[in-house]
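Let chain A serve as the given structure and place chain B on it in line with the hints.
From first to last, the protein sequence lines stand for chains A and B. Take the first sequence: its letters are residues 1 to 277, numbered as in UniProt numbering. Take the second sequence: its letters are residues 1 to 277, numbered as in UniProt numbering.
One or more hints might be untrue.
No distinction is drawn between identical chains; accordingly, a pair holds when it is met within one copy or between any pair of copies.
[What the hints assert, rightly or not] Straight-line alpha carbon distances no greater than 25 Å define the calculated SDA-like cross-link-like pairs of lysine to any residue that follow: (1) 54 - 268; (2) 54 - 7; (3) 72 - 211; (4) 258 - 239; (5) 73 - 249; (6) 179 - 18; (7) 258 - 238; (8) 171 - 161; (9) 268 - 257; (10) 179 - 166; (11) 258 - 247; (12) 198 - 111; (13) 206 - 48.
Calculated directly from the structure, the hints in this document are not laboratory data. No experiment lies behind these values; they were computed from the predicted model shown.
Number of protein chains: 2
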Amino acid sequence: MLWFTEHWTENVGLTVRATEVKRIQSKYQEILILDTPEFGKMLVLDGLIQTTEKDEFIYHEMLAHPAMLMHKKPERVLVIGGGDGGTVREVLKHETVKEVHLCEIDEEVIIVSEKYFPSIAGKLKDPRVKIFIEDGNRFLEEKKDYYDVIIMDSSDPVGASEVLFSEDFYKKVKQSLRKDGIMVAQTESPVLQENYFKKAYSQITKVFRNVGVYLAYVPTYPSGMWSFTIASDYVDVSSASVNKSRIDRLETRYFCDKIFDCLFALPKFVQDMLKKP
Amino acid sequence: MLWFTEHWTENVGLTVRATEVKRIQSKYQEILILDTPEFGKMLVLDGLIQTTEKDEFIYHEMLAHPAMLMHKKPERVLVIGGGDGGTVREVLKHETVKEVHLCEIDEEVIIVSEKYFPSIAGKLKDPRVKIFIEDGNRFLEEKKDYYDVIIMDSSDPVGASEVLFSEDFYKKVKQSLRKDGIMVAQTESPVLQENYFKKAYSQITKVFRNVGVYLAYVPTYPSGMWSFTIASDYVDVSSASVNKSRIDRLETRYFCDKIFDCLFALPKFVQDMLKKP
Numbered sequence: 001m002l003w004f005t006e007h008w009t010e011n012v013g014l015t016v017r018a019t020e021v022k023r024i025q026s027k028y029q030e031i032l033i034l035d036t037p038e039f040g041k042m043l044v045l046d047g048l049i050q051t052t053e054k055d056e057f058i059y060h061e062m063l064a065h066p067a068m069l070m071h072k073k074p075e076r077v078l079v080i081g082g083g084d085g086g087t088v089r090e091v092l093k094h095e096t097v098k099e100v101h102l103c104e105i106d107e108e109v110i111i112v113s114e115k116y117f118p119s120i121a122g123k124l125k126d127p128r129v130k131i132f133i134e135d136g137n138r139f140l141e142e143k144k145d146y147y148d149v150i151i152m153d154s155s156d157p158v159g160a161s162e163v164l165f166s167e168d169f170y171k172k173v174k175q176s177l178r179k180d181g182i183m184v185a186q187t188e189s190p191v192l193q194e195n196y197f198k199k200a201y202s203q204i205t206k207v208f209r210n211v212g213v214y215l216a217y218v219p220t221y222p223s224g225m226w227s228f229t230i231a232s233d234y235v236d237v238s239s240a241s242v243n244k245s246r247i248d249r250l251e252t253r254y255f256c257d258k259i260f261d262c263l264f265a266l267p268k269f270v271q272d273m274l275k276k277p
Numbered sequence: 001m002l003w004f005t006e007h008w009t010e011n012v013g014l015t016v017r018a019t020e021v022k023r024i025q026s027k028y029q030e031i032l033i034l035d036t037p038e039f040g041k042m043l044v045l046d047g048l049i050q051t052t053e054k055d056e057f058i059y060h061e062m063l064a065h066p067a068m069l070m071h072k073k074p075e076r077v078l079v080i081g082g083g084d085g086g087t088v089r090e091v092l093k094h095e096t097v098k099e100v101h102l103c104e105i106d107e108e109v110i111i112v113s114e115k116y117f118p119s120i121a122g123k124l125k126d127p128r129v130k131i132f133i134e135d136g137n138r139f140l141e142e143k144k145d146y147y148d149v150i151i152m153d154s155s156d157p158v159g160a161s162e163v164l165f166s167e168d169f170y171k172k173v174k175q176s177l178r179k180d181g182i183m184v185a186q187t188e189s190p191v192l193q194e195n196y197f198k199k200a201y202s203q204i205t206k207v208f209r210n211v212g213v214y215l216a217y218v219p220t221y222p223s224g225m226w227s228f229t230i231a232s233d234y235v236d237v238s239s240a241s242v243n244k245s246r247i248d249r250l251e252t253r254y255f256c257d258k259i260f261d262c263l264f265a266l267p268k269f270v271q272d273m274l275k276k277p
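Next up, chain A with everything else stripped away, as it sits in the complex (with noise of 0.2 Å):
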């Protein structure tokens, strides 16, 4: 019997039985696509679990909505990251978008997906959808004050993805937003991540005015409770209050209007790792 096993820390990990294993070497990092019976297919880039049939829905719904409803007439939206799709796939459940970029630095990643995973991939063949192969931290340089919503929809914060962890980027992701932009990134496991999920938290605090953090239960992540930090200049994230409709017209598995309301309802230990930087 096959068993992979991801190494949450040195200490900790998730085993998961695998019936197949395909192994692709990309530029970037080796990519395995298993198939698990317990979470059906399963993506994973170096050894880490980045999406799995079974539980996808939660992260991508959870990663997309809030940002998306929280502003007023999202139309054009970016996604750094996330060439699995899903969250393009999130983000156009919102009528009034006109287009979306996907900036993904692997182009394998997208071709794995789009073969393997199409209930995942599947819409980023729509023509609102424009994919761009690079660097996410210098495909914002030459974009200024565009997009009414930035989604990180990065990997762990180590190799490719560190530089979209520091204040540096969170600097040009605010100037690539309009004045009343949004921007919402993945951060990490609280329990087991603590240390990445308090400095994306101090960075984007450097950066933008109104700051939330927020939480659910990801069954094939690190300790099974993430984060997403959300931020904005000019909406209050914390108090944004949506019209219940928006909310009802989105075809959903997870996200809820009950889940919207108590968003920020953070356990105490989780709020008081934002009180000690």
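Same frame as chain A, now just chain B:
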């Protein structure tokens, strides 16, 4: 290097590094005490992680405080299972409590917890606590109309604990509660133990008029998403409001007033599970 794996299902497990292992065979089960660099000391019963020093506060706070707070003045409390003492410790934080009965079938769990987990079991010596080494199902038959709050802190519904998830058992719980009494039970993971989760809900719904389900992040339990089911004939649990000062007086690390206010904000797919029995 020594690794312990809990098989959450036959296809996925949590793998934890251990530096020391003690093994005790009780009349009912195999008890392991592991020293783990990631989670501190860990108590394992028949291969299933029950509690760890690092994250036990989450489960115990979330099991005890909502029911305790929804009762106007909880004085007599029964904990079934919970031999590690963590739930009793949380119950005793409520000033109105006059007596806590702990009914645990396996005395060895209490002995081991008092010896190796003093931060969890330390309050079992409190004069308000009375310990009964008995089968919870039989114990309830002798106590009619007695408790304000009954807390089912059972292990998974296999072996000795299976009966604690049956309609007959919940009927006994109801008879042992006073008229305005409240019960709460740990009811497994909606993600990986959907059948147990739905079964518990449907059985409890047959017996009690008002039933609510809530979740908490427990990193060392299957999938990290853990469920609790709370029920009462008298108290409308899903709309219960509580004086904020009662919450603020509790010394907690996870539970807080925001968590209480948002207790029943469930992801859509979990709501859907409760609609289709």
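Structure-based check of each hint:
1. 54 - 268: between (30 Å within a copy, 15 Å between copies)
2. 54 - 7: both (20 Å within a copy, 18 Å between copies)
3. 72 - 211: within (18 Å within a copy, 37 Å between copies)
4. 258 - 239: For residue 258 and residue 239, the Cα distance is within 25 Å both inside one copy (14 Å) and across copies (14 Å).
5. 73 - 249: within (15 Å within a copy, 43 Å between copies)
6. 179 - 18: neither (47 Å within a copy, 52 Å between copies)
7. 258 - 238: both (15 Å within a copy, 13 Å between copies)
8. 171 - 161: Close inside one copy (16 Å), not across copies (55 Å); limit 25 Å.
9. 268 - 257: both (23 Å within a copy, 9 Å between copies)
10. 179 - 166: Classified as within; 21 Å inside a copy, 58 Å across copies.
11. 258 - 247: both (10 Å within a copy, 22 Å between copies)
12. 198 - 111: neither (34 Å within a copy, 39 Å between copies)
13. 206 - 48: Intra 29 Å, inter 44 Å, cutoff 25 Å: neither.
Hint compliance for this structure: hints 6, 12 and 13 are not met, and every other hint is.
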